[in-house]
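Starting from the known structure of chain H, arrange chain A on it as the hints suggest.
Protein sequences appear in the order of chains H and A. Count the first sequence with the working numbering and you get residues 1 to 329, in order. Count the second sequence with the working numbering and you get residues 330 to 789, in order.
Treat the hints with care, as some may be off.
Lysine-lysine pairs mimicking DSSO-like chemistry, simulated, CA-CA at most 27 Å apart [what the hints assert, rightly or not]:
#	chain 1	residue 1	chain 2	residue 2
1	H	K259	H	K19
2	H	K114	H	K313
3	A	K502	H	K114
4	H	K65	A	K398
5	H	K33	H	K273
6	A	K398	A	K502
Worth flagging that the hints you see were computed from the coordinates, not collected in a lab. In this text, all values refer to a predicted model and were calculated from it rather than measured experimentally.
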Amino acid sequence: MVAKKPADRPNASKEDLLKYYREMLLIRRFEEKAGQLYGMGLIGGFCHLYIGQEAVVVGLEAVAKDGDKRITSYRDHGHMLACGMDPKGVMAELTGRSGGYSKGKGGSMHMFSKDRHFYGGHGIVGAQVPLGAGLAFADKYLGNDNVTFTYFGDGAANQGQVYETYNMAELWNLPVVFVIENNQYAMGTSMKRSTKSPSMWERGAAYGIQGEAVDGMDVLAVKAAGEKAVATCRAGDGPYILEMMTYRYRGHSMSDPAKYRTREEVDKMRSEKDAIDHVRDLLLQGGLASEDDLKTIDKDIKARVNEAAEFAKDSPEPPLADLWTDIYA
Amino acid sequence: MATEVLMPALSPTMEEGTLAKWLVKEGDKVKSGQILAEIETDKATMEFEAVDDGIIGTLLIAEGSAGVKVNTPIATLLEDGEAAPTAPRAAPAAAKPAAPASDAAPMAAPAIATAPPAPVAAKGWPHADLPEGPTKTMTVREALREAMAEEMRRDPNVFLMGEEVGEYQGAYKISQGLLDEFGAKRVVDTPITEHGFAGIAVGASWGGLRPIVEFMTFNFAMQAIDHIINSAAKTLYMSGGQMGSPMVFRGPNGAAARVGAQHSQDYAAWYSAIPGLKVCMPYSAADAKGLLKTAIRDPNPVIFLENEILYGRSFEVPTDPDFTIPLGKASILREGSDVTIVSFSIGLTYALQAAEILAKDGISAEVVNLRTLRPIDYDTVLASVMKTNRCVTVEEGFPVGSIGDHLASTIMQRAFDHLDAPVVTCTGKDVPMPYAANLEKLALTTTAEVVAAVKSVCYR
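Next up, chain H with everything else stripped away, as it sits in the complex (with noise of 0.2 Å):
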């Protein structure tokens, strides 16, 4: 981790505050019910989860404007619940219900919401990095002043299309923040393991692209390098980079042997850097909520999941000729 917590905070109202913790807790409890219901057998395949990364998604959402676009990896449901996407659509997604936001037809690595401007959810590692300047060509072209968050991991970052993409985006001048989640593991190949870049996000100086690290564990770090990105790239000077620190407590995927790292390492993290704790500690010692206020929250994020798993288990199966559907337009 190289960024610490910053001693003097950018200022954040009791409201902000509230909100990003709530937002986080959403993705956290929904993500420990996915789990759950992975266990119980009624989510297959591949299904990766976010819990540990929350930060980044609320913070850099918190800088985002109507119109502006995102696109991830296939470890999505955090970037889908954070902008605004239905809970039940997505569990729903997750157990291959006609409920979910692709009918069932996605699963957990390939969702999108035209509406939320959620442009997935991608199974390719890497891919969604030349797609997502592809929707800021678009809005360029377009003359508008929106802007896409494109995510990738640390894993996707030695990928070759994403240095295709710097090239052209800078090239450009594409309004694309390109937000790596460096959560330090492409899937069980620690960083120091697969480069020896000593960091992913001066890179794109070989390209002419501006960047910075973030401490990605810490929800106002992250929306304050957010909105000097997101700046830049409205006022046509993008591409942006920002290189987020982060850590995710669980696996790769829900089969990872978990053999890479050790479990101090893990718990170390989990109560040092916890991002909902750094919250919650600011608004308890702030003395902007009580404890109370804070299980009233608990209890209501828990009720939003519980009626989530429901409706994701009580959605039925696409009908079979579902098949056949969305081939063509």
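Chain A alone, transformed into the frame defined by chain H:
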């Protein structure tokens, strides 16, 4: 001793060109590397340099002469102190014929490619598949350009991107003039990064635009095939119908001439295997124009496989500005009663020539031009086969898992009782494309093979 300066081959497929301008005159002393003349091919105007020092003796071909065959002597070069011969200047028409194909530079395609099939009067062929109305003659290249220009005028969200599409005016001159008309915003030159720009184009299609991606050749699209298939073709399905990829991937496909294994692959069967893609493979200029306009308007990703050797061929094209060809409709290029030859793109060159030869032997072949490989027009193929009871397919791609294999299987399953003979497939050989001229010719399918296949299914 005087040496002859020969008309150069300036591209793999060039067979003749125009000697646009002499930049030297008789008696000029020239140095190796000095520009002697400007030569126009169908792709570009090129400067032609001296390879030796010397003195220009006689300019054998006058400037402005068109149709000068490759390897025709165009001037003589004298050594220092050598006297110019007194022989009168040859008129262009009297220029020596090009050397035989076996040692001429361009030897592209089998000799057949240099001799397009002669039109046949019967039943208005070869225009039987065109709508009524006035036509004009244009090359496949011009037809593709006109289709793009018309669609870009119609819809401001249509744009072209690819390598050398703008300032270079197109590696194969397809996009010539488009940058001037539409500007750099809509005719986007890319760096050489197929994987990256294909992905950007797919993203742009999700963002509300209608990209046309030009691959300099489909061989290079192998670098981009993940985005074509995983990103463009599957997203409509994976999103439960929320968002698709309205776009065209186009460019030359298949063997050109003497460019070897990595530049000579036919991807017809590859892309045709993918649900979510549509695949066009035009033969004539009318196909090219009518299909490309439809492809650009289509809300799905369309693979548009062109053929470099066909780019320079001329055909009649309807002048009606609303002329389009629906995807998924084959045409009958030549009617017949004894056998059905199904083909597409350059394969039709062999199919039509074979039909001509077979007619002289009393075999009446019906030639079906598939035009679209996905969706494929099974109805037209099956109706023809049910009429003739025999079928031969012709394509340049590899034999295993070919379009012909798929048709043979479909015909067997749906028209078995109508068949008087097994379906025979004529394809490229099961080898990487060799460079040597004689081996390359052997690797492609030939008219002779099609004739033999038809005779075998007719038990003749």
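Structure-based check of each hint:
no., hint, in the structure
1, H/K259 with H/K19, "violated, 36 Å"
2, H/K114 with H/K313, "holds, 24 Å"
3, A/K502 with H/K114, "violated, 38 Å"
4, H/K65 with A/K398, "violated, 64 Å"
5, H/K33 with H/K273, "holds, 22 Å"
6, A/K398 with A/K502, "holds, 21 Å"
Going through the hint list in order, the structure does not satisfy hints 1, 3 and 4.
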